[in-house]
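Undergrad: As given, the protein sequences belong to chains A and B, one line each in that order.
Start counting the first sequence at 1; every next residue gets the next number (this note's numbering).
Start counting the second sequence at 78; every next residue gets the next number (this note's numbering).
These are computed hints drawn from the structure, not numbers from a lab.
Lysine-lysine pairs mimicking DSS-like chemistry, simulated, CA-CA at most 30 Å apart:
| hint | chain 1 | residue 1 | chain 2 | residue 2 |
| --- | --- | --- | --- | --- |
| 1 | A | 10 | B | 145 |
| 2 | B | 370 | B | 326 |
| 3 | B | 138 | A | 10 |
Residues on chain A that point at chain B, a partial pick, calculated with CB under 10 Å:
| hint | residue |
| --- | --- |
| 4 | 13 |
| 5 | 15 |
| 6 | 64 |
| 7 | 70 |
| 8 | 71 |
| 9 | 75 |
Listed next, the stretches of chain B that the computed footprint assigns to chain A, with coverage defined by at least 3 CB atoms under 8 Å from CB atoms of chain A:
| hint | region |
| --- | --- |
| 10 | 218-231 |
| 11 | 244-254 |
| 12 | 346-356 |
Where is the CB? At the ideal position from N, CA and C, for every residue including glycine.
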Amino acid sequence: MIASIVEVGKLLDVIADAIGATVGVAILFSLAVLGMTRASEQRERGSVLFAYGLLTVLCLLGSLAAVAYGIVVLARN
Amino acid sequence: MQGDIVLVVVIATAIAFDFTNGFHDTANVVATSISTRALPPRIAIGIASLLNFAGAFISLKVADTVGKGFVDTSQVTTTVVFAGLIGAIAWNLATWYFGLPSSSSHALIGGLVGSMLVAHGFGAIDGEGLLGKLIVPALLSPILAFAAAAIAITISYRILGRLRPGPVSRAFRAGQIVSGGLLALSHGTNDAQKTMGVMTLALVAHGTLSASNFQVPIWVVLSAASAIALGTFSGGWRIIRTMGSRIIKMDPAQGFAAQGAGAAVILAASAAGYPLSTTHVISGGIMGAGAAKRLSAVRWGVAGNIAIAWVLTLPAAAAVGALAYAISRVFGTGALGPLVIAISLLSVLLALFGRRLRATRAAAHGLTSTP
Chain A
1 MIASIVEVGK
11 LLDVIADAIG
21 ATVGVAILFS
31 LAVLGMTRAS
41 EQRERGSVLF
51 AYGLLTVLCL
61 LGSLAAVAYG
71 IVVLARN
Chain B
78 MQGDIVLVVV
88 IATAIAFDFT
98 NGFHDTANVV
108 ATSISTRALP
118 PRIAIGIASL
128 LNFAGAFISL
138 KVADTVGKGF
148 VDTSQVTTTV
158 VFAGLIGAIA
168 WNLATWYFGL
178 PSSSSHALIG
188 GLVGSMLVAH
198 GFGAIDGEGL
208 LGKLIVPALL
218 SPILAFAAAA
228 IAITISYRIL
238 GRLRPGPVSR
248 AFRAGQIVSG
258 GLLALSHGTN
268 DAQKTMGVMT
278 LALVAHGTLS
288 ASNFQVPIWV
298 VLSAASAIAL
308 GTFSGGWRII
318 RTMGSRIIKM
328 DPAQGFAAQG
338 AGAAVILAAS
348 AAGYPLSTTH
358 VISGGIMGAG
368 AAKRLSAVRW
378 GVAGNIAIAW
388 VLTLPAAAAV
398 GALAYAISRV
408 FGTGALGPLV
418 IAISLLSVLL
428 ALFGRRLRAT
438 RAAAHGLTST
448 P
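Next comes chain A alone, as it looks inside the complex (with noise of 0.2 Å):
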């Protein structure tokens, strides 16, 4: 009966949406500071390593992205 009330595609959307968002902003996000600070410890060091501040720009972008899509979607609804 609670099954019939309960709309679960609707709630199994949030659920995915939610997680999927979160936990990859993370990676996302994590990525980026480990590349950061990789680079801050190679320039320290006297060498430069291009491969970590790519890696940086691309999961700060990524991340930043992921944010603005989120919103968009909200606001088309």
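Dock chain B against chain A, hints included.
TA: Positioned in the frame of chain A, the structure of chain B alone reads:
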């Protein structure tokens, strides 16, 4: 004429409720940023106010659910809406006074259901709507925020495990400006819409709008957005203390995960039209971020008090809403009842603020006169 006066009183009360909602929920939005020192309190509250205002314009799905999802719209009167609002405001003030972060949203719906029960009986309540659109999402949302925050912080710690803590903390503090901003935006989106829904319901009850064309007018959106933003700006320092440091001591990465989880859950639910409690959600996020690191990091006693306030909110607000409706009917069906109750509530409010002001001044005097 009498109906117009009641409508004006209801709209003013709804705006006052929205203000108390922002005031009460400031803690939910900014406590994490303040406790991890990502932002100074005044700046955190200023940003949160602006984003609460902006968030109110993003979507109207929750307003639709609040206006049509729980009670029979055709039986609602402006006095019922008024009594429901009084129930919610009274509960909000009581929990604010005792420093408990309970849910303004559930207080609002509880108050409305209570006054509707007394006015028209069980037949006027949409039990299925209440269960499917409020109670189940309300139970699920803090668990979801807990799980999302716990998974996110576990993965983050895995990625960042061997890095120096200083630069990592600085980076996550910067990240918290975005995650905290997003949480404020999501709060404005979900919470301001509840008042919009109630104000629109009052307009339908008054006959200004038709029940078949339930559309939120733009002036309602603008006034709800302004009231919640002003309320947020005024802040609720007692609750900030409970939310920010008494549940758990957090590092900036945990704060980022808690705020991110809270914002994601509220935005996803807003898109589906569920009126969630931001208090429940962010508390779940904070506990999830803490428990993932160490179960004992969470002060479960404080968390338990918050849980008791959650459980009590719906029935307590419903009882006050029912009482307010019954008292209002003692004065007849006109405007006198709502006016008497509104003036009485205002007097209680002024007395409470006066007492708080005197206590604050006495404490400040005690501090300055200590040798």
